[in-house]
Structure formats: structure tokens, C-alpha cells
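Asks: Sequence:
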Amino acid sequence: MAQGTAAVGRRETGSSYIRRYFDMAADRLGLHSEMRRLLSVPFRELTVELPLRRDDARLQLFRGYRVQHNGVRGPLIGPVRFQSGLELESLRAAAESMTWRCAVANVPFGGAAGGVACDPAQLSQSEFERLVRRYGGRLREMLGIYHDLCAPGLNANPETMAWIADEFSVLQKDALIPVVGKPAQDGGLPDSDRLIGRATAALIVRAAQNAGISVSGLRVAIRSLDRSAFYTASALSQLGCVIVAIVETCGGLCCSTGIDMESLADHLSRSGSVAGFEGAAETIDIQALDCDVLVLGTPEGTLNNAAAMQVRAKLVVETSELVITPEADHCLAKQGVLVIPDLVGGAAWVLAANAEWSNTVQRLSPKEGKIQQEIETALLRVYEQVCERSRREQIGLRMAAYSLAIERVARCERLRVA
Numbered sequence: 001m002a003q004g005t006a007a008v009g010r011r012e013t014g015s016s017y018i019r020r021y022f023d024m025a026a027d028r029l030g031l032h033s034e035m036r037r038l039l040s041v042p043f044r045e046l047t048v049e050l051p052l053r054r055d056d057a058r059l060q061l062f063r064g065y066r067v068q069h070n071g072v073r074g075p076l077i078g079p080v081r082f083q084s085g086l087e088l089e090s091l092r093a094a095a096e097s098m099t100w101r102c103a104v105a106n107v108p109f110g111g112a113a114g115g116v117a118c119d120p121a122q123l124s125q126s127e128f129e130r131l132v133r134r135y136g137g138r139l140r141e142m143l144g145i146y147h148d149l150c151a152p153g154l155n156a157n158p159e160t161m162a163w164i165a166d167e168f169s170v171l172q173k174d175a176l177i178p179v180v181g182k183p184a185q186d187g188g189l190p191d192s193d194r195l196i197g198r199a200t201a202a203l204i205v206r207a208a209q210n211a212g213i214s215v216s217g218l219r220v221a222i223r224s225l226d227r228s229a230f231y232t233a234s235a236l237s238q239l240g241c242v243i244v245a246i247v248e249t250c251g252g253l254c255c256s257t258g259i260d261m262e263s264l265a266d267h268l269s270r271s272g273s274v275a276g277f278e279g280a281a282e283t284i285d286i287q288a289l290d291c292d293v294l295v296l297g298t299p300e301g302t303l304n305n306a307a308a309m310q311v312r313a314k315l316v317v318e319t320s321e322l323v324i325t326p327e328a329d330h331c332l333a334k335q336g337v338l339v340i341p342d343l344v345g346g347a348a349w350v351l352a353a354n355a356e357w358s359n360t361v362q363r364l365s366p367k368e369g370k371i372q373q374e375i376e377t378a379l380l381r382v383y384e385q386v387c388e389r390s391r392r393e394q395i396g397l398r399m400a401a402y403s404l405a406i407e408r409v410a411r412c413e414r415l416r417v418a
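Numbering follows the working numbering, in which position 310 of the sequence shown is assigned residue number 310; successive positions increment by one, without gaps.
Watch out, some of these pointers could steer you wrong.
Said to hold, decoys possible - As a list, the in silico DMTMM-like pairs of lysine to aspartate or glutamate whose alpha-carbon atoms are at most 20 Å apart:
1) K314 with D290
2) K367 with E141
3) K314 with E282
4) K173 with D186
5) K173 with E127
Since the hints were derived computationally from the structure, they do not count as laboratory data.
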């Protein structure tokens, strides 16, 4: 698997990152201690033991979790992850980050996160399916189309979400399925990765234009844990950008003169992997590449201070939560690098989830072209709102995004408290 930035000497966790940002924004907003506690402590947490009969007849226990952070603005929504060493602390950070991301995007959701501590690579396909279904079954008391919706996270794809949806439908007959990221034939959006990737490309173009950077010839390096990276790269390439690197879970490519996206698309359709394509590499230090734009959809804390000092890009776009450590964020600011924070850079994800949820509730069939335009328009609106707040209050985009999000959630909490 290709690797991007190195998290050398990482001592803090996503929870500590988000606490820093929350406290700074809360200070700006003048929130009192009780409201701060209400907004920062998860509403509910679930820990379950999941027995799995392995293919060799051995019984093995796995631990599963679901954290519901804050649902004052609407149903909760958040990813399910399947990764070794998964712990509640990281899920608390992910759930809280999702609350703020939904609030910035102004969609009617709160944040949640969950998953199972397991290594899918050590399980057979049938074992993994049984474990996912067992986990979905244990969540049935928490899930609901107006309560909590599961979405794909690390090591989860549309098929994984279909298993959870199927398990829920068996246990809760005639209920609307509280799962997004499903296959299109099961009510999901047609190729959500493409929708998200193209919308992210539109955001990058707008951010570059606002920064006075020409889009023509713009050198872009992208790392993502899903296939949205390919669609972001394709859309940018069509606009005249030069894609110098793409790193996904299935491998990485690097070409200083630009990757031929049409040839790559043909290669992927045949092989399903970047392996064997010109420029394929096992390890790519993507943060050190000569590029104008660096797009990071990687795990929390991936870009630390040491890695930030290697960044040569003028614009960094964070598309998954808490990729950049607070120290690295400060370092990039000192270097004059513009950072589009995760609450904005990852907003296309929640906008796509909102579109799928709305269609499910209204029992409508999604129209890809219409949804694509709606997501892009909404994402650019989010970006401009955060930029306007940044200019008005003379603060960075990250603090502007957190302030806007926390202000919206706090306003709803005040209306709800008798």
C-alpha cells in the first residue's frame, strides 16, 4: 500500500486537536462552562462484544463501538470503521468532528462514529461479512432514519453498507433503512465517490481563484483513502491542471510532467489497481512533492510539524477529519500556505449523505446530474460563508469554520433548553 506523509513523533490524538480548536472558538463566542460541556461531551456511547465463528470453527470476540455526539440539529450521522486498534477515544473525536462538519455544511444532522476493532486483511470475505452483520444487528436499538445513520468509513465500501442495511431490514421490517453510502441498486447515490470527487475539484478551483492562483497548469498532488481522489484528479485534469501524484489505498502514482488521466481510467477499468501503470510506486512522500495544491484525505495527525516543513504547495486541502496537527497548521500558516480545513474540505461527503438521506425519506430515485449540481453549489456556498467570516473577524479559515459550526449548534441548544 502506498504511503503518504509520515506521522513521526506523533504524541497527541484527534481528541486533543479538536479540544484545542473547540476551546479557541468557544472563547471567541463567549460560551459559558455549562454550554461548553454540553457541546463537547458525547450524548451516548455503546460498546459491544461481537462473537465471530471463524472459518476454522474457532470462536473469537471482537469489540464494536458507536458514539453519538450531538443530535440537537437533526438525526445523527457518521462513519463506521473497521480497523485494528480502534478505540473509543478516536471515535469520540470523529463523532464531534462530524457534528461540526454537518453544522458548517448546514445540513440537518449531528455527528456520530463507530466501528469494530479488527483487521479486515486477517479475515476471510465470509468472516468479515458475518462480523459486519453482527455489528449492524447490535446497533439496531440506536439506528433509525430519524435517529442515527451509518455511513462508510475506513475499510467500508458500498457492499459493506449493504450488509448493514440488509441486517437492519431483517430485524426492523418495513422501516426506512438508516444507512448511507449504499450501492445505487439499493437506494444509494449513483457512484457517490464521483459526486464527492467532482465537488471537491470545484472547491479547489474556487479556492485557487480566490487566492489569485491560475488554474491552468496548476500542479496538484492528491492522497485519499477512497476512490474520490481519482475523480477529483480527473475533473481537475479536464480543467487544465497537471496531476503530479495520486495516492489511494490501492497504490500510488507519481509523474512530474503529469499523469495521463484518460490512460489511467482505461487501466483502472481493466485491472482495478494502479499497479503496473507508468509512475506506480510503493512509497510516495506526497507532502514533499513540487506542487501548487496538496489534497489530503488521510487519517488524523498524518501531517505533523516535521512533514509540514516539507510542504511546497501554496494551497492544502484537508478532505478528512483532523489530518493536520495544530502545530503543523501553525507551521503552514507561517509559511504562507493557505489551508482549507477539514470542516470545509470534507463537506462534500456530508452533502452527498444528505442527498441520499433525503431521497430515502421521500422515496425518490436520485438523478445524478441534479444531485451533482446541488452538491457543488452547496459546497461553494459553505466555502464562501467561511471565507466571509474569516475576513470579517480577521481569523483563519479553520477558526472561522469552527466558530460558525459551534455558533449554530449552540443556538439550537439554547432553543431546546427549557
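Asks: Now look at each hint and say whether the structure bears it out.
Replies: Do the hints match the structure? See the list:
{"no.": "1", "hint": "K314 with D290", "result": "10 Å, holds"}
{"no.": "2", "hint": "K367 with E141", "result": "32 Å, violated"}
{"no.": "3", "hint": "K314 with E282", "result": "26 Å, violated"}
{"no.": "4", "hint": "K173 with D186", "result": "16 Å, holds"}
{"no.": "5", "hint": "K173 with E127", "result": "25 Å, violated"}
Consistency with the previously given hints fails for numbers 2, 3 and 5, ordered from lowest to highest.
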